[in-house]
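Protein chains in written order, with UniProt numbering: chain A, 1 to 263; chain B, 1 to 537.
Incorrect hints may have been included.
What the simulated footprint calls covered on chain A by chain B, stretch by stretch (three residues with Cβ under 8 Å from a Cβ of chain B suffice, anywhere in the stretch; the number is not a length) [stated by the list, open to error]: (1) 47 to 57; (2) 116 to 127.
Per label pair, the in silico range of CB-to-CB distance [said to hold, decoys possible]: (3) D160(A) to S35(B): 53 to 63 Å; (4) I128(A) to A83(B): 56 to 66 Å; (5) S351(B) to L164(A): 32 to 42 Å; (6) D160(A) to D392(B): 55 to 65 Å; (7) L164(A) to E230(B): 33 to 43 Å; (8) G450(B) to S86(A): 49 to 59 Å; (9) S78(A) to D38(B): 49 to 59 Å; (10) D38(B) to S86(A): 39 to 49 Å; (11) F390(B) to S7(A): 56 to 66 Å; (12) L164(A) to L140(B): 27 to 37 Å.
Keep in mind the hints are simulated off the structure, nothing from the lab.
All of these numbers come straight from a predicted model, not from anything done at the bench.
Don't be surprised by glycine CBs; every beta carbon is placed ideally from N, CA and C.
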Amino acid sequence: MSTGHASADAEAAARLLAFGMRPKLVPGRDVVYADLVRRYGEDSAFKQLTHSVAAGLGLLVLEVNAQAGAVLAATDESIFEIKMDSYARQSKIRERRDTEKVLHGLIHLATAALGYPRPDDLANDTYIGRVSVEQVDGVVREACRILDERAAANTDPLADAPELEQAWRAYARRPAAAATKDGRLAPDTTRGMVTRALRFLAEQGFLVPVSSEQGGTYRTTPRYQVQVRELAADAAFDELLALGVVSVPGEGSTLRASATDTL
Amino acid sequence: MRADETTADPDEGLARRLKALACTAPLHDLDARKSKLDWADATVYQMAEIGLHTIDQVTIAMDFDTGADHHQVTRRLLPFIAAQAPDRTTDEHTRVARWVLDNLINVGTTDRGFRRVYGAVDADGRYRRRAFDFKLLVELAAPDGEVYLRATDEAINVLVGALDTDVESAHIAAEVKLENLITRGRLADAKLAAEQARYRTVQYGEILRAKLDATRRDVRSVDWERELPELLDSALTHIESRFRAETAILKNITAARDEAEDPDHKRRAAELVDIVADCIRRHTQLQNRLQAAGAVFRAEQDRQQFSGPAQRAAVDVFGQLLTPTLDLPLADALAPVEAYFRAGTGTTVPSVPSLPSLVSLLLRPAPEREHVVGEVPDPELQPAEDTDAFTDEQWRQADALLDLPEVPRRLSGLLEEARSADPAVARLVALRAVHAYGPEVGGALRQSQGSVLLAVDDGTELDDPEIGGADLLLMAAVVDGDPAGEDPGTGETGTEADGPAGDGEDQAGSGGAEREPALFDDTEAIDDTGAIEEAAL
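Sequences are here, hints too, so could you generate the full structure?
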């Protein structure tokens, strides 16, 4: 292999990654992008090279296909990483900051849960989900209500240990909406936070706005499906597994049963 | 379900009473704090009464979809408040109404609710302090984006006074009581009982609404084989019996209304008729909802159940991620949600500023940050302790040096003279000389300054240990407000375009002075901005 050929390949691989960093761009709308995606699928040496370039940059190639384009994820401490600290509202009190972060994280989880209500939907490449601000808030509140019903007789949180309070209580206590002086949605209400999360995901190319009904309705993109399925869900699952609060289901049927039980 | 728990835990009753007591605390609190209000002498108002009345108004306005908005509630409260203090202004009444309403919502706290700490002995026999969180009025967003108010179960319980009782039996009891009262002709009590019956109806509707919402959201959230059909059945039976009972009562009171001779009795009976009619209307609404539930279920089942088998194993986001995380203590929940967020939000591209985009970024109007990051708090600014780099005395000395009405002077000479007095004055003189290189003649004209300092570069290098650049010729030019008047400074034009001291500004001083002063006023600034904007594009 000549050096000239190799550097042209490296450029092409880097360009594919550059396309992947523009999340709203899809191969269907760009001939060069589509060509690179096709080449990635056919040429295993090119595929390997793309992975190497990505690894050097601190990126992980989750998937490259014609629908989603190049779906990338940042590895730990990469400059491409989005930190939760920069997303969540800054608060001086540490406990409050953690609560804010948990609430934001729950909302992102709920968005994925609503976008892909069943494991099938997450696995099915052609599935397109719909989410709205009202529904996301509703899903979490409904889950909170079920947990509240299931809770034992007296599980009011201990007054002197706020960090031991369960997450659902913090969410349920937060108002859904609050009137502000100028009639806009207050940002520290749950609906305000959901609105922000959905807008943010739309910016990241994971959702596409459909209408302004129900506080803002969006549909999911293939890119979002890949991101949740290939990385995010597993990442959260591993953490929960480490905490010992979920068990790995053996068969698909177990998954289904647990879903019926909880959902 | 709850009844079993009560018998299992002997302390449950105590805890329940403590909680019930806590619900009334915000009302007492209103009266305790009214004397501290600084905008009015509010001691004349009975705040707890107004509070209860507020909850009444919100409860009455509650329907299946919407409640009352802030303005409606405030408006309805006004006659009641005005009755307490007729000699005060309407503005003050409105303010009292808003104050009570805001306090019942508890505006100003993040959660907009109340928290009371109470103690209870747990299963191990240890005394633990627990926090009871509750709300009286909550704000919810309607589909059209409007925020409206709703009374919580706690509030309805406080209001009705029947704390922690079974909804259905209390309902029946209230009606039996009403019938009793009517037959005895005690209509004042009857009205109270009828109102209580209506609150019970509303409360019952709320419970059913929550169940139906859950069904609508996800078919699997409810057991449609047994649990929900049973619930719908019992609800329908309930409505049927209430409907019958209330129609009977309506008939009786209507008769009482028509037959009563005492006008006061007649009026009260008429009120009662309204209340019971409203109860019946609410039942009808509830029944419509119940009937629609079946259709919702079938449509959702079609959508959700008839799809192919799972293609590959995937995580059930709701059941395996969201619900377990919600159930974790806040401290533990942080790790999973952070892991999810980091992995689930994609990548960000670090921004690299380029000059054109930086310029357009700086010229862009301030973004409405509230839409994105939330309310921006107004920073409390403290005045800087010392903003002036130079003292007044140094300015005075520099002024004296730069007062050059007739003969231009070289910067080098001025610097030397200034440095002999104070090195700082030399720096000030140098800065003012550079500033004078592109003087704002237009600004000086607008501010009616008598003269403006002009600097001209004739190519001579400045020989100075501290400051480098061109040895400028400095002179004070008289500003003449007359458009036809020639600026004395124009006599010394003929400088190079790129003087070493030039700070990017065009030589507005020399070139501009030849133009008519009227042209100066604003066009200069606009031209500059326009040019930069063009460059940015």
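Hints, one by one, checked against the model:
1. 47 to 57: Not satisfied, violated; 0 residues make the cut.
2. 116 to 127: Holds: 8 residues of the stretch 116 to 127 of chain A have a Cβ under 8 Å from chain B.
3. D160(A) to S35(B): 53 to 63 Å: violated (32 Å)
4. I128(A) to A83(B): 56 to 66 Å: Taking Cβ atoms as reference, I128(A) and A83(B) lie about 59 Å apart, which means the hint holds.
5. S351(B) to L164(A): 32 to 42 Å: holds (40 Å)
6. D160(A) to D392(B): 55 to 65 Å: holds (58 Å)
7. L164(A) to E230(B): 33 to 43 Å: Check passed, 37 Å falls within 33 to 43 Å.
8. G450(B) to S86(A): 49 to 59 Å: holds (54 Å)
9. S78(A) to D38(B): 49 to 59 Å: holds (54 Å)
10. D38(B) to S86(A): 39 to 49 Å: Distance hint for D38(B), S86(A) holds at roughly 40 Å.
11. F390(B) to S7(A): 56 to 66 Å: holds (58 Å)
12. L164(A) to L140(B): 27 to 37 Å: holds (29 Å)
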